Amino acid sequence: MATAISNTIMAQMQQQHVITVLVENHPGVLARVAGLFARRGYNIESLTVSVTDDPQVSRMTIVVGEDHRVLEQVIKQLHKLIEVIRVADYAEFPAIERELALIKVNADPRHRREIMEIAEVFRGRIVDMSDKTFVVEVTGGTEKIDKIYELLSAYGIREMVRTGVIAMARGTKTA
Amino acid sequence: MKMSGANIMLECLRREGVRHIFGYPGGAVLPIYDALYGYTDIEHVLVRHEQGASHMADGYARATGQVGVCLATSGPGATNLVTGIATAYMDSIPIVAITGQVRTSVIGKDAFQEADITGITMPVTKHNFLVKRPEDLPRVIAEAFYIARSGRPGPVLVDIPLDVSLTKIEWDPETYTTQVNIPSYKPTTRGHEMQIRKAAQLIAEAKRPVLYVGGGAISSGAAKEVTELAERTNILVTTTLLGKGAIDETHRLSMGMLGMHGTAYANHAVNNCDLLIAVGARFDDRVTGKVDKFATGAKIIHIDIDPAEIGKVKVPDVPIVGDVKTVLTELLKHVQPRPWTEWNDQIMEWRARFPLIYPRDGKLYAEYVIEQIGEVTNWEAIMTTDVGQHQMWAAQYYKCRRPRQWVTSGGLGTMGFGLPAAIGVQKAFPDATVVCLSGDGSFQMCVQELMTATVYGLPVITAIINNRSLGMVRQWQEMFYEERYSHVDLQASPDYVKLAEAYGGVGMRVQKPEDLRAALEEAVKIRNRPVVLDCVIPTEENVYPMIPSGQSIDEMKIRENLEELKATVHADSETWSFSDEEKVLEQYVEAVRAAEARKEKE
Ligand SMILES: Cc1cc2nc3c(=O)[nH]c(=O)nc-3n(C[C@H](O)[C@H](O)[C@H](O)COP(=O)(O)OP(=O)(O)OC[C@H]3O[C@@H](n4cnc5c(N)ncnc54)[C@H](O)[C@@H]3O)c2cc1C
Ligand SMILES: Cc1ncc(C[n+]2csc(CCOP(=O)(O)OP(=O)(O)O)c2C)c(N)n1
Numbered sequence: 149m150a151t152a153i154s155n156t157i158m159a160q161m162q163q164q165h166v167i168t169v170l171v172e173n174h175p176g177v178l179a180r181v182a183g184l185f186a187r188r189g190y191n192i193e194s195l196t197v198s199v200t201d202d203p204q205v206s207r208m209t210i211v212v213g214e215d216h217r218v219l220e221q222v223i224k225q226l227h228k229l230i231e232v233i234r235v236a237d238y239a240e241f242p243a244i245e246r247e248l249a250l251i252k253v254n255a256d257p258r259h260r261r262e263i264m265e266i267a268e269v270f271r272g273r274i275v276d277m278s279d280k281t282f283v284v285e286v287t288g289g290t291e292k293i294d295k296i297y298e299l300l301s302a303y304g305i306r307e308m309v310r311t312g313v314i315a316m317a318r319g320t321k322t323a
Numbered sequence: 003m004k005m006s007g008a009n010i011m012l013e014c015l016r017r018e019g020v021r022h023i024f025g026y027p028g029g030a031v032l033p034i035y036d037a038l039y040g041y042t043d044i045e046h047v048l049v050r051h052e053q054g055a056s057h058m059a060d061g062y063a064r065a066t067g068q069v070g071v072c073l074a075t076s077g078p079g080a081t082n083l084v085t086g087i088a089t090a091y092m093d094s095i096p097i098v099a100i101t102g103q104v105r106t107s108v109i110g111k112d113a114f115q116e117a118d119i120t121g122i123t124m125p126v127t128k129h130n131f132l133v134k135r136p137e138d139l140p141r142v143i144a145e146a147f148y149i150a151r152s153g154r155p156g157p158v159l160v161d162i163p164l165d166v167s168l169t170k171i172e173w174d175p176e177t178y179t180t181q182v183n184i185p186s187y188k189p190t191t192r193g194h195e196m197q198i199r200k201a202a203q204l205i206a207e208a209k210r211p212v213l214y215v216g217g218g219a220i221s222s223g224a225a226k227e228v229t230e231l232a233e234r235t236n237i238l239v240t241t242t243l244l245g246k247g248a249i250d251e252t253h254r255l256s257m258g259m260l261g262m263h264g265t266a267y268a269n270h271a272v273n274n275c276d277l278l279i280a281v282g283a284r285f286d287d288r289v290t291g292k293v294d295k296f297a298t299g300a301k302i303i304h305i306d307i308d309p310a311e312i313g314k315v316k317v318p319d320v321p322i323v324g325d326v327k328t329v330l331t332e333l334l335k336h337v338q339p340r341p342w343t344e345w346n347d348q349i350m351e352w353r354a355r356f357p358l359i360y361p362r363d364g365k366l367y368a369e370y371v372i373e374q375i376g377e378v379t380n381w382e383a384i385m386t387t388d389v390g391q392h393q394m395w396a397a398q399y400y401k402c403r404r405p406r407q408w409v410t411s412g413g414l415g416t417m418g419f420g421l422p423a424a425i426g427v428q429k430a431f432p433d434a435t436v437v438c439l440s441g442d443g444s445f446q447m448c449v450q451e452l453m454t455a456t457v458y459g460l461p462v463i464t465a466i467i468n469n470r471s472l473g474m475v476r477q478w479q480e481m482f483y484e485e486r487y488s489h490v491d492l493q494a495s496p497d498y499v500k501l502a503e504a505y506g507g508v509g510m511r512v513q514k515p516e517d518l519r520a521a522l523e524e525a526v527k528i529r530n531r532p533v534v535l536d537c538v539i540p541t542e543e544n545v546y547p548m549i550p551s552g553q554s555i556d557e558m559k560i561r562e563n564l565e566e567l568k569a570t571v572h573a574d575s576e577t578w579s580f581s582d583e584e585k586v587l588e589q590y591v592e593a594v595r596a597a598e599a600r601k602e603k604e
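Chains as they are written, first to last, in the working numbering: chain A, 149 to 323; chain B, 3 to 604.
Keep in mind the hints are simulated off the structure, nothing from the lab.
Errors might be hidden in some of the hints.
DSSO-like mimics (lysine-lysine), calculated; alpha carbons at most 30 angstroms apart, straight line [claimed, not checked]:
no. : chain 1 : residue 1 : chain 2 : residue 2
1   : B       : 603       : B       : 568
2   : B       : 226       : B       : 209
3   : B       : 292       : A       : 228
4   : A       : 224       : B       : 559
5   : A       : 252       : A       : 295
6   : B       : 301       : A       : 321
7   : B       : 226       : A       : 228
8   : B       : 292       : A       : 224
9   : B       : 295       : A       : 224
10  : B       : 335       : B       : 314
11  : A       : 228       : B       : 500
12  : B       : 188       : A       : 224
13  : B       : 188       : B       : 316
14  : B       : 314       : A       : 224
15  : B       : 559       : B       : 209
16  : B       : 4         : A       : 224
17  : B       : 200       : A       : 228
18  : B       : 527       : B       : 314
19  : B       : 301       : A       : 224
20  : A       : 228       : B       : 4
21  : B       : 314       : B       : 209
22  : B       : 301       : B       : 200
23  : A       : 280       : A       : 292
24  : A       : 252       : A       : 280
25  : B       : 365       : B       : 200
26  : B       : 568       : A       : 224
27  : B       : 514       : B       : 527
28  : B       : 316       : B       : 327
29  : B       : 514       : A       : 228
30  : B       : 200       : B       : 4
31  : B       : 209       : B       : 327
32  : B       : 316       : A       : 228
33  : A       : 228       : B       : 134
34  : A       : 228       : B       : 301
Remember, predicted model here, so these are calculated numbers, not experimental data.
Could you put the whole structure together from the sequences, leaning on the hints where they help?
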């Protein structure tokens, strides 16, 4: 019972939202967005920045670790930044979310087969190899990456690098 | 025509309608100062400290509704502006701050007097620009003014490197346009039709409505609409510190200010209302106290131009994003007249029970000074204030007759604001009587600007409420820190009369109430230099009522001897000039007595 309650509380507290922010491609825009999150105490789980098909416009994909009420403030405050063109919440329509991870894992000769099998199950690839380590590359939703990370942990992970989430609406819709 | 960046900038400012710049020179703005030399279309006011320049631009903006402009050099000049920019930001005041910057080629190299002022001011500006090419200047200046004055107003900083103001380029001033189009910035001004109808519906159904009006009504220029709404519906109005003047405070429907030091009756009204109509106000914590206990039984209509304000503190039943004036004009089309109700009587009863009142015991009190400033200037003076007890007394006792008559730093609470702000106001309205109500602590924070007032012949009157103490802090230490008066003593202070004279102004000291009137009458006659009136009051006075920080109206502290005071003041009525507050009270008491007499007869 106690765990059930704390789990729901946890679920509420740890709500994650993926939002996309289209911004004018000016110097300093990233600082404005990051500064806003820092100043107002909003949690960023991850943030990616990249160009779009329009060179004047950049896209930020931000995973926000806040509940609904705060998220609404986050979106409104982002809108107030003059250089923010559009903000969309991927929760409002079906979307594909992906991130890419590189995981450097200990690869003792005794375990190499097992590790390769795990990578295969997760449609990952071994992209580098030394006498002691593998580097596994894997893409997918956050949960999938968390899962392979968990499985590979058994062998000892030396380093992991994740890109953070990017997302795209399904179908003809664009965000 | 070939023009330097500096000349282009001035030409753009002129076309934005700028008539005054408050500034201070230095290396990185030398080309701008060179361009100003002999330039007659814009008057430059040389301040004594850049903080003064930013507050002057702010005061100018608050009094006129136009964008105020200040100018400083790179590095220390720019950082000295920051307090003033933050002050304007917190109160949504439109100013444009122009700073010089080191040459573009050395930006980021720790060059002499380099400061990353766009980085530093990012959290306290609505937007800021670093101009990298002279070609960009006209667009940037136009955008800066547009962003500063439109939507929710605010400060904008434009940082101009030395080489950008030096470089000459081909430019035709006739191509300048104040019309700008920023696709990513389109403030909503028209309220949603459906929501406005819903609001009218709630107003029609409400039994105990209250209007809670803030700075947004002032910046929107909506005093007329606010008053019309109140009069048509007989809904009583309370304003925030920054909403003062949105309705004539001597109006029968005005309850004065609400909040921490608001009137007890305004706070009781808000606490007991069933409909709170928030108009350009942002539910600041000095207003709400403990949020869960604020206006708990009330439905809320919230009108604000900034969508982020709606639901930030309290989730409204009817949110209306839009400009106050535009929205109220629409709303008035749907609102039916309501009669004077029992609820209104209830508020008047609170008012009679908890009037704003102070002792008349032969000592000089701040409240009396403030009232007399009103009386002597026919309540027409534009009042600026500093921050502290004197500011709160002024908020309570200075009855504003109109908007933009009241200039105070609310959100940041910046001591030192009052005098430079008054200079900015006086520059905009040379014929007005401008009074800065200050404290002995605050006055010393920007006192150097007395010299600016002297040089430009500005007759600003500073009334120092001299309690030889950092009074507001002293009050908190008395109430919440067991009277441990830590570092609030200002017994050791300059002689303010001599200080005024040293700066070329006129100094006077008042210690007894009977001497005040004459001093004030003399002060308002002086029209060519600043006047400092050192008003010596007792140290131990506290501001009442007070709702301690983060608490609710249940914890409100009122004067201990309120009942006694009410009796003596009435007995003494002949000898003292009555403030409007007490006139209303008297009328009300008379009306109640008459009603009782009638009942007895029946
Ligand atoms: C010592 C001290 C004590 C204080 N005590 C009190 C107190 O007792 N009571 C009190 O009220 N304050 C008090 N204050 C001031 C307080 O801190 C806030 O500054 C003040 O309450 C905010 O006023 P406001 O809600 O009107 O908001 P403002 O800061 O004036 O904000 C204006 C709001 O209107 C909106 N707006 C702007 N333009 C428009 C438009 N054209 N149309 C629609 N909306 C618009 C803005 O988006 C914003 O939300 C005190 C300050 C100090 C320093
Ligand atoms: C720049 C700045 N520093 C500190 C404070 C904190 N503070 C608020 S009120 C106050 C005392 C103000 O004293 P004074 O100007 O004499 O006014 P009084 O309260 O005595 O009327 C102080 C120190 C402030 N608001 N601003």
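Hint-by-hint comparison with the structure:
1. A threshold of 30 angstroms between alpha carbons decides the hint, and for residue 603(B) with residue 568(B) the separation of about 28 angstroms falls inside it, so the pair holds.
2. Taken as a hint, the residue 226(B) and residue 209(B) pair is honoured in the structure, with Cα atoms around 24 angstroms apart against an allowance of 30 angstroms.
3. The hinted pair formed by residue 292(B) and residue 228(A) meets the criterion: a straight-line CA distance of about 27 angstroms does not exceed 30 angstroms.
4. For the hint linking residue 224(A) to residue 559(B), the alpha-carbon distance of about 38 angstroms lies beyond 30 angstroms, and the restraint is violated.
5. Under the criterion of a C-alpha separation no larger than 30 angstroms, the hint pairing residue 252(A) with residue 295(A) is consistent with the structure, at around 15 angstroms.
6. The straight-line distance between the Cα atoms of residue 301(B) and residue 321(A) is roughly 38 angstroms, outside the 30 angstroms bound, and the hint therefore fails.
7. Simply put, residue 226(B) and residue 228(A) have alpha-carbon atoms about 29 angstroms apart, close enough for the 30 angstroms limit, and the pair holds.
8. The suggested pairing of residue 292(B) with residue 224(A) holds, with an alpha-carbon distance near 24 angstroms, which does not exceed 30 angstroms.
9. Straight-line distance between C-alpha atoms of residue 295(B) and residue 224(A) comes to about 26 angstroms, which keeps the hinted pair within the 30 angstroms bound.
10. Between residue 335(B) and residue 314(B), the direct Cα distance comes to roughly 29 angstroms. Compliance with the 30 angstroms bound is thereby established for this hinted pair.
11. Of the pairs offered as hints, the one joining residue 228(A) and residue 500(B) is violated, with about 49 angstroms between alpha carbons and a cut-off of 30 angstroms exceeded.
12. Under the criterion of a C-alpha separation no larger than 30 angstroms, the hint pairing residue 188(B) with residue 224(A) is consistent with the structure, at around 13 angstroms.
13. The hinted pair formed by residue 188(B) and residue 316(B) meets the criterion: a straight-line CA distance of about 25 angstroms does not exceed 30 angstroms.
14. Restraint check: the Cα-Cα separation between residue 314(B) and residue 224(A) comes to about 10 angstroms, which is no more than 30 angstroms; the hinted pair holds.
15. This hinted pair checks out: residue 559(B) and residue 209(B) have alpha carbons roughly 28 angstroms apart, not beyond 30 angstroms.
16. Taking the CA atoms of residue 4(B) and residue 224(A), the gap is about 44 angstroms. The hint is violated against a cut of 30 angstroms.
17. A threshold of 30 angstroms between alpha carbons decides the hint, and for residue 200(B) with residue 228(A) the separation of about 27 angstroms falls inside it, so the pair holds.
18. Taking the CA atoms of residue 527(B) and residue 314(B), the gap is about 48 angstroms. The hint is violated against a cut of 30 angstroms.
19. Under the criterion of a C-alpha separation no larger than 30 angstroms, the hint pairing residue 301(B) with residue 224(A) is consistent with the structure, at around 23 angstroms.
20. Restraint check for residue 228(A) and residue 4(B): not satisfied, since their Cα atoms lie roughly 37 angstroms apart, outside the 30 angstroms limit.
21. Pair hint residue 314(B) plus residue 209(B) holds up; C-alpha atoms about 26 angstroms apart against a cutoff of 30 angstroms.
22. In summary, the hint linking residue 301(B) to residue 200(B) is supported, as the alpha carbons are separated by about 12 angstroms, within the 30 angstroms threshold.
23. Between residue 280(A) and residue 292(A), the direct Cα distance comes to roughly 25 angstroms. Compliance with the 30 angstroms bound is thereby established for this hinted pair.
24. Restraint check for residue 252(A) and residue 280(A): satisfied, since their Cα atoms lie roughly 10 angstroms apart, inside the 30 angstroms limit.
25. Annotation: proposed proximity of residue 365(B) to residue 200(B) is violated, straight-line Cα distance about 53 angstroms (limit 30 angstroms).
26. Note on residue 568(B) and residue 224(A): the hinted pairing is violated, with a Cα-Cα distance of about 49 angstroms set against a maximum of 30 angstroms.
27. For the hint linking residue 514(B) to residue 527(B), the alpha-carbon distance of about 21 angstroms falls within 30 angstroms, and the restraint holds.
28. Among the hinted pairs, residue 316(B) with residue 327(B) is consistent with the structure: their alpha-carbon atoms are about 22 angstroms apart, no more than 30 angstroms.
29. Restraint check for residue 514(B) and residue 228(A): the C-alpha separation of about 52 angstroms exceeds 30 angstroms, so the hint is violated.
30. Distance check on the hinted pair: residue 200(B) and residue 4(B) sit about 58 angstroms apart at the alpha-carbon level, beyond 30 angstroms; violated.
31. With a C-alpha separation of about 25 angstroms, the suggested pairing of residue 209(B) with residue 327(B) holds against the 30 angstroms cut-off.
32. Between residue 316(B) and residue 228(A) the CA atoms are separated by roughly 20 angstroms; this keeps the pair inside 30 angstroms, and the hint holds.
33. Pair hint residue 228(A) plus residue 134(B) holds up; C-alpha atoms about 24 angstroms apart against a cutoff of 30 angstroms.
34. For a cut-off of 30 angstroms, the pair hint linking residue 228(A) to residue 301(B) stands: about 27 angstroms separates their Cα positions.
Hint compliance for this structure: hints 4, 6, 11, 16, 18, 20, 25, 26, 29, 30 are broken, all remaining hints hold.
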